[in-house]
Amino acid sequence: MERTSRLGSILLSFCFGLVGIFFLVHVNEINDLGLGMVSPRLFPMIVSTLLMILGFGTALKEALSNREAWKPSLGPRRFRTTLKSALNPILVLIITIAYVYALSYLGYILDTFLLLVVTSVLLRPQNLVEAFLISLIGALGTFFLFNTILMVPLPTGIWSR
Amino acid sequence: MVSFLEILLNILQPKIIVVMILTAFYGLFIGAMPGLTATMAAALLIPFAFWLDPLTALSMIIVMDVLAIFAGDIPSTFLRIPGTPASAAYTQEMYEMTKKGRGQIALSISIMASTLGGLLGVFVLWFFSPVLAQFAMGFSSAEFFWLAVLGLSTGVLASSGSKLKGFISLLMGLLIATIGVDPLYQVQRFTFGNPELYGGIGFIPVMIGLYGISEVLRRMYNIGKGTHVILPKVEYRLSEMIKGGLGSIKKYLMRFSMGSVIGVIIGALPGAGADIAAWLSYNISYRFSRRKTDYGKGYEEGIVAGTSANNASLGGAWIPALVFGIPGDSVTAIVLGIMMMKGIVPGPKIFTERADLVYPLIVIFFIANLLIIPFGYMAIKGLARIFLRTPDYLLVPLVLVFCIIGTYAVNYSVFDILIMLIFGVIGFFMEEYRFSLAPMVLGIILGPLTEQYFMMTALKKDPMVFISRPISISIILTMILIWIAPIVAKKLRK
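Heads up: the sequence lines are chains A and B, in that order. Each residue of the first sequence is one higher than the last, beginning at 1 in this note's numbering. Each residue of the second sequence is one higher than the last, beginning at 1 in this note's numbering.
In case anyone wonders, no lab produced these hints; they're calculated from the structure. No residue lacks a Cβ here, since even glycine has one placed at the ideal position from N, Cα and C. Incorrect hints may have been included.
Computed Cβ-Cβ distance ranges for the label pairs, DEER-style [stated by the list, open to error]:
# : chain 1 : residue 1 : chain 2 : residue 2 : range
1 : A       : 46        : B       : 4         : 51 to 57 Å
2 : B       : 134       : A       : 140       : 50 to 56 Å
3 : B       : 135       : A       : 29        : 58 to 64 Å
4 : A       : 28        : B       : 100       : 50 to 56 Å
5 : B       : 355       : A       : 28        : 55 to 61 Å
6 : B       : 353       : A       : 31        : 46 to 52 Å
7 : B       : 468       : A       : 95        : 54 to 60 Å
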């Protein structure tokens, strides 16, 4: 368990180092207005340099501090995350992205209702009818609350055209 | 000077009482909804303010603001999603208490510390406004810069787990804060030609993503793994909650006093609000705590420090607004707009020339803080039942929808929802691999201020400007004291 946790930590630290490099490379694209040192580039340059150093440094530190765990004598690596456990969050993300893109077509009420129903089903509801009803009330209730009371203009979709 | 009787007669009008009750409910609702901020709620009240007399209009904003800042703790406690940015600092503590079956006690501490901290802020507003305003106005860019550094460094020191990882998290936050138009030169940075990024990455989508969406993903993940955490459905009687809340304040009286004082001072500084006050207080409390290892695991001390500071800062924020016409935070900026709309000119003479308005407003501030107790307990009793008894297959999808709509409501932007999802994923992985989220949030809040004041000071071309003024030196010394005092004390105890 410790071993996989370390691997994830090393990878994440490495990613932060890469983010630092990415920003550092793009710092040069910022217009410095001919100001020299004290320009709009200065602060992001300092921060991204530090992030790059610390990101890679932490990745290296984590890798070196756990060298024993990488020896082959420990046998095959066992990952904590299985496809089964990762499936639900991945599906929720895909569904939510689809929801965002469908919002302007389907409108808030229908789109939200579908999101609520599908997410409830993923969580294995004990009572499907209850989940269906709560989804309907949730979609209508939040529309009334935000659109009518708080005056947030929610998309109405193709139905209003 | 007006007599107390006149003040009471001014306030005890049916119209004002009805408006206060309605806006108390409104504030509770706004605070308890992730994504909806007190600033947005105040902005929505402007059309009503137009039709009301100045006292009623400003009372409306005060009551809403006080109740909303308290209510931000409710979703923190049951969902681990801060209702307002001011609750983010101690969200983890609140949620961990819920996991131990003590969520209602955590909220009870919040009620009592918010009320008493808020009352202290009102007391300072009444008696020390001119003195504190003068002190706050003495801050130059160098002092603001050091104050921001103090906040950032204590944030890293108070982060759970590896401080190195905490520092990386902070740098990520600072870097995200640089996206968009530069605050000083108005130059675009890291926008990559995308107009949606010109205004920068909003704090609300990031915060909801890091705390809300990552929590939704975690619950889905844990259900798939079969390691789902079921929150204990323990409910307390009202008397037990009051006793628990008061008991904690008595036990951590030093932290409460420190939090309230920090809140008032930070509130009085222009541009710094309840969120920064709560972070600073929580972090300093951690730094001087003898039980550092208990932080992040549902420790009451951290809650007392944070929640007393955010409500105390509300009174503090009115000080520069009333005395100099400079807003202490975003809500008082709206307050100043309403005052201008009503022809009221803020300034040092407002306490004498418009005593008929200012003193009743201070009393309303006082009453608003007391309203936290009945309205707060009502909200806890009602919402605890909903949050604790609703099964996950109903609660999690609804939380997801509220996260989405709360994010959308800030700028009516679908792009913000995508940002929220990205940060949800980042937050999920960061927590999974023990990177504290708090420094990142703090970096995003304090990043623009830190950079702005750093650049303003650096432009003076003399590095000595950073350390030449007495207040700068005091802040630097305080910072060093915060860094080393606990280490020295530990060594001395040995």
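Do the hints match the structure? See the list:
{"no.": "1", "hint": "A:46 with B:4: 51 to 57 Å", "in the structure": "55 Å, holds"}
{"no.": "2", "hint": "B:134 with A:140: 50 to 56 Å", "in the structure": "54 Å, holds"}
{"no.": "3", "hint": "B:135 with A:29: 58 to 64 Å", "in the structure": "42 Å, violated"}
{"no.": "4", "hint": "A:28 with B:100: 50 to 56 Å", "in the structure": "51 Å, holds"}
{"no.": "5", "hint": "B:355 with A:28: 55 to 61 Å", "in the structure": "58 Å, holds"}
{"no.": "6", "hint": "B:353 with A:31: 46 to 52 Å", "in the structure": "48 Å, holds"}
{"no.": "7", "hint": "B:468 with A:95: 54 to 60 Å", "in the structure": "57 Å, holds"}
Hint 3 alone, counting from the list given before, is not met by this structure.
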